[in-house]
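**Student:** Below, each chain spelled out in residue letters.
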Amino acid sequence: MLIEVLKTIISPVAFAAALRLSCPLIIGSVGGCFNEKISTGNLAYECFMLVGAFFGAYGSFISGSPVIGSLVAVLSGFVLALIYGLLVYHLNCNAMIVSIAYNNAAWALTTLLLVVIWNTRGQFTDPRIVSYSTLDMDFLKKVPFLDTLFNNNILLVYLAYIYAIIGHIIMYMTPFGLRLRGVGSYPMAAQSAGISVRKYRWIGLIIMGCSMGLAGSYMPLSGMSLFSENMTRGRGFLCLTSILVGKGDPLKTTVIALLFGYANAMTLVLSTFNLPTQIVSMLPYVAVLAVLLMVGIRNYKGAKNITGDTI
Amino acid sequence: MTSGNETIAKPKRFDLTSGIWVEVARYFFSFIGVLLLGALLIYAQGEDPLKAAKLIVAGAFGNRVAIGNSFRWATPCLLTGAAAIVAFKSGVNNLGIEGQMYLGAFIAAVIGYFYKLPAGVHMIVCLVAAGFSGVIWMIIPAVMRLFFRINEYITTMMMNFIATLFCDFFVIWVIIPSLGITTTTAATPNIMKGARLPSLIKGTSASWGFLLGIFCCVFVYILYRYTIQGYELKQVGENLKFALVGGVNVKKTFLSIFVLSGFLGGLAGGVEVTGGYYRYVSGFSYTMGWEGIMIANICKQNPIALIFVSIIWGALKTGAMNMERGTALNRLTVNLLQMIFVILVSIDFEGIFKFFDDRINKKKELDKIIRQTGAQNAN
Amino acid sequence: MQNEEQHYLEMRNIVKSFGPLIANNNITLKVEKATVHALIGENGAGKSTLMNILSGIYKPDYGEIIIDGKKMHFRNSFDAAKNGIGMVFQEFMLFDDLTVIENIVYAYEKTRYGMFIDKKKNREKVEQICRDYHFNIPLDAKVSEIPVSLLQQVEIVKVLYKGAEIIILDEPTSVLTPQGVQGLFKAIRFLIKNGKTIILITHKLKEVFAIADEITVLRDGKVTGNVKPSEITENELANMMVGREVLLEADKDPVEPGEVILEVKNLTVKDKEGVVRVKNVNFDVHAGEIVGIAGVAGSGQQFLVEALFGLSDAEKGSQILFNGKDITNGTPRDARLMGIGYIPQDRLNAGGNPQGTIWENAIMGYHVAHGFKSKVFLDHKEIDEFSDRVVAQFNVKTQGLNEKLKSLSGGNIQKLIVGRESIQDNKLLIIEDPTRGIDVGAIEFVWEKLLAITREGKGILLVSHELNEVMQLSDRIYVIYNGVLIEAGNYHEKTEQEIGLLMLGGGEDDVWK
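So the protein lines, in turn, are chains A, B and C.
As numbered in my numbering, residues 353 to 663 make up the first sequence, in order.
As numbered in my numbering, residues 2 to 380 make up the second sequence, in order.
As numbered in my numbering, residues 6 to 518 make up the third sequence, in order.
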């Protein structure tokens, strides 16, 4: 039994599932990195994702094209980000209150829209919500391991990993990324170098909103062709956690998101063995806490150092 | 430059930049905004806004059962709100109230079902154990924050995930198999009668938990208003350096914030089990913990205001259910409106008024300086 | 050059005021190309304001800036930087999370294909600058990981990278060790040789004589002298800086000091970077006397006080005795419980809680050390009684005990804090800058109260940047310079000029190495 389990854990199927399941997390959190780097205490990831999921389904429903669906989802994230920015940057609302209100309102909003538009509660399944079709690359067919891993995925899955790399390039190789990081690190210094802090805060927020919208659209359009109440089920918070632990570095964040995705995949592949999947799901969090603790112990600066910054 | 140019501003009669007037304006505008948006939302769903409003009020306060239900749903808000107030008033970002609730509920459900104790004692043991499980859950972030300066922001949130998974694991893999039953819902069996909180209003779902919630709010109020410990807690939260210089034992005080907030969070879960569901149901909280944080922040961390806001919150929840029964509307409409209200109330009206005020003043000031220097150079 | 009168940089008749305070009153500054021009003056003399105007951060109310014969109107700091003015702030404008090279090129990156940072080109240019001016800095290290002395060099390379011709250094040596200062001076000489112009803001005379070609002295927002170092002595220069008329005199009687309360032996304190800020300090405070420590900002007085009150750790071998008991490396709580009061310099951060009410601020410390009858509950009657006492005796103008502290004026906040600490039954008061930024009437009031406290037999350790204050109040005077404590005689034994010279690092040559 143990060997069977171990075999399943490292089987290509498990890795393939991890790649797929971490896709929305990666897309969302890579975009969220740009928001994290400008440090404004935004917690509303769940909201952006859930609303994105709804509008992804809706866009695909009315147009019959998953790409349009995703675009509508991105647009919804953009609009939410605009409102958020207006409230927090210009009307000086407390970012935490707005974030929590956003998250709670998202559930209500999407469910209401579900009722208003499709006149149903709980779940809406319809073939008119067209999912992305899977891509097959013939040359991979012959390679056994890579075939399971990289074939039969939808476009967004490939996009997620490209997105992570693009995110890294933008963050660390362009003037824009450098300035954005500076704005988050020490706004005063950025200002003294002639950089508009507010402009970069806006840009970071909008990138995050659009990415989370796109990430949300993965869920209804990944083959199931349905939208259900609270479809994201905390995935937005997972994105946020990945970002916080990865400290806004797109590649590190991607690794953490992959870890969460892998744990998620484990719960699926191990379900046949009748094993406690909760423990498996718990492992990444415990591991991350342990890593944080280790970093903390390494940086321990003596008992009197209490007023300093936290990590 | 030096700060020698401070002057006392003369109070104005209708000063919208501070004081009571800005609060009146804030709630007035928010209420009008929500009424308009709400009417629009309900109208869009093809219903009469007036009828919906009537149903909400009737459902919340129309009869004994309605009032009881309002109190029942106000209870978790009271407790999680109190937990949030303790934390946020003292500068601790406890985002883990949700997790503390789950753990508290789980422990209460376990003790309530598996141990046989005398009637009243059983209930108290359940609640205290629930509170302490919240404390234990909060100790980990506290130690990480205090000694290793790891932001509790991240750790408490991670602990939320761990808490739900941990409880679900025990329910599904330990408790349910040990009973030898098959069930489709991940929930513990009902707790014993002796472990349940007595009903507050006969025939309704309101329990003594409501009173306990109010007691906790009043306790927090008294703590901050009338005790030395509370005074220190407040000073540490508002200005840590000041408290340190003043000789407050900052570490101890900081730790007690974590402990108290965790206890109230766990207690909230315990009350949900002993006074509400009578068992631990996986995912019972939805977003109660988060709502507590939100409510605590909109009532500006005032525990007495929290009592009223919580009752309104509970009333809206039960009223919304009544509205759902009476119309084709979804009760989440009300939920959405609540959130819009929260956002509107949190708008910094003070700052907006001040902005315009400053622009006028700045122009005056500038004119003055130009006149002065002009005169100087003429000399 | 058009005519002889034309200097490379001229600031003419600059006026700048902040509300009722005139920071720059008709200042004219002329600087030659490729020279080091020292701008000296006490704290608050208007040096920083003048330089902030030059670097485009403030706009002058009146006056003009002329560079190389051209009249300049800087819209913002960006504009000033484009016109060749670079400022190195006392507080570094560096991003901790970014690497050194990223900090240098920030907002002025060279790009490839119009979108990517051209790391190679950037690096070449920065390395070129480092070679030309003999800087040796690790370009790929994170800013948070390198020592302060290097940070300064990073700032200088940053302004050079942006093409600065005129470089303003604001108190560059205050964060440096003597070796670091030597390195900086070497760098400055290279810069001059390469045609750059340096404006050096400082209040350390030794440095002025070591490096400057010309000196402009400011006092109270006005120019009091414009000289060459060879034409003037340290004494004369110190006179120009601090020799103001004495506006205030305290009514001080000679006192008979009682027994020793505080004894400090071999106190050494290092900051977080490991730089020694207080070196082997020895002194004592007797009951009934005021011991004054004068010194310009950043001389180590803050670390000294923090170590005494338990806010910073002292190094091994240090000993602080209070009433004969060893309190080295205690906590502020211990200090309070033993009867030490502390009035911090930063009254809104450490001294008070602006969001708190008057009574909350009034009882802080008292509730720990002396306390109320109940150890659990706040007895509002007792609190009101105590707070009223503070407010009444110290003449705090307030609308009631429930008013927020932040709505009080600076003078009243200060009176409240002084009142709080002195009404408590403390045996020793450690006071930092008790009259900073408050008006003359309030200053007189606070002084009178401090003298009254000593008459009750309490000891006071007074640390101040205001020399006059120390001279007027102290029975014994010390000067702290670069972390070393120098005896400066008893009350009225030395003149203000003599002590001023000590504060600025003149006089004893062994101090300045």
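Keep in mind the hints are simulated off the structure, nothing from the lab.
Heads up, some of the hints might be wrong.
Claimed, not checked - Restraint ranges, calculated between C-beta atoms of paired labels, are given here: (1) A:Val495 - C:Asn81: 51 to 61 angstroms; (2) B:Gln46 - A:His442: 29 to 39 angstroms; (3) A:Ile517 - B:Tyr227: 12 to 22 angstroms; (4) C:Ala457 - A:Tyr441: 49 to 59 angstroms; (5) B:Thr186 - A:Arg480: 41 to 51 angstroms; (6) C:Arg394 - B:Tyr227: 18 to 28 angstroms; (7) B:Tyr116 - A:Ile420: 50 to 60 angstroms; (8) B:Ala329 - C:Asn81: 30 to 40 angstroms; (9) A:Val647 - B:Tyr287: 31 to 41 angstroms; (10) C:Glu408 - B:Tyr227: 43 to 53 angstroms; (11) C:Glu408 - B:Thr228: 20 to 30 angstroms; (12) A:Val495 - B:Lys252: 56 to 66 angstroms.
Just so you know, even glycine gets a beta-carbon here, dropped at the ideal spot from N, CA and C.
**Student:** Has the hinted range 12 to 22 angstroms been met by the Cβ atoms of A:Ile517 and B:Tyr227?
**Tutor:** violated (59 angstroms)
**Student:** Should the hint that B:Tyr116 and A:Ile420 are 50 to 60 angstroms apart at their CB atoms be regarded as holding?
**Tutor:** For B:Tyr116 and A:Ile420 the Cβ distance comes to about 59 angstroms; the hint holds.
**Student:** Tell me if the beta carbons of C:Ala457 and A:Tyr441 are separated by a distance inside 49 to 59 angstroms.
**Tutor:** Given a distance of about 52 angstroms, which is inside 49 to 59 angstroms, the answer is holds.
**Student:** When you take the CB atoms of A:Val495 and C:Asn81, is the distance between them in 51 to 61 angstroms?
**Tutor:** holds (59 angstroms)
**Student:** Regarding B:Thr186 and A:Arg480, is the given constraint of 41 to 51 angstroms on their beta-carbon distance met?
**Tutor:** violated (33 angstroms)
**Student:** Take the C-beta atom of A:Val647 and the C-beta atom of B:Tyr287, compute their distance, and say whether it sits inside 31 to 41 angstroms.
**Tutor:** holds (34 angstroms)
**Student:** Do B:Ala329 and C:Asn81 keep their Cβ atoms within the hinted range of 30 to 40 angstroms?
**Tutor:** violated (59 angstroms)
**Student:** Indicate whether the distance between the beta carbons of C:Arg394 and B:Tyr227 respects the range 18 to 28 angstroms.
**Tutor:** About 21 angstroms separates the Cβ atoms of C:Arg394 and B:Tyr227, which means 18 to 28 angstroms holds.
**Student:** Assuming the hint says 56 to 66 angstroms, is it satisfied by the Cβ distance from A:Val495 to B:Lys252 or not?
**Tutor:** holds (59 angstroms)
**Student:** Do B:Gln46 and A:His442 keep their Cβ atoms within the hinted range of 29 to 39 angstroms?
**Tutor:** With Cβ atoms ~31 angstroms apart, the hint holds.
**Student:** Taking 43 to 53 angstroms as the stated bounds, is the beta-carbon spacing between C:Glu408 and B:Tyr227 within them?
**Tutor:** This hint is violated: roughly 20 angstroms between Cβ atoms.
**Student:** Could you see if the CB distance from C:Glu408 to B:Thr228 stays within 20 to 30 angstroms?
**Tutor:** holds (22 angstroms)
Of the hints listed earlier, those the structure fails to meet are numbers 3, 5, 8 and 10, in rising order.
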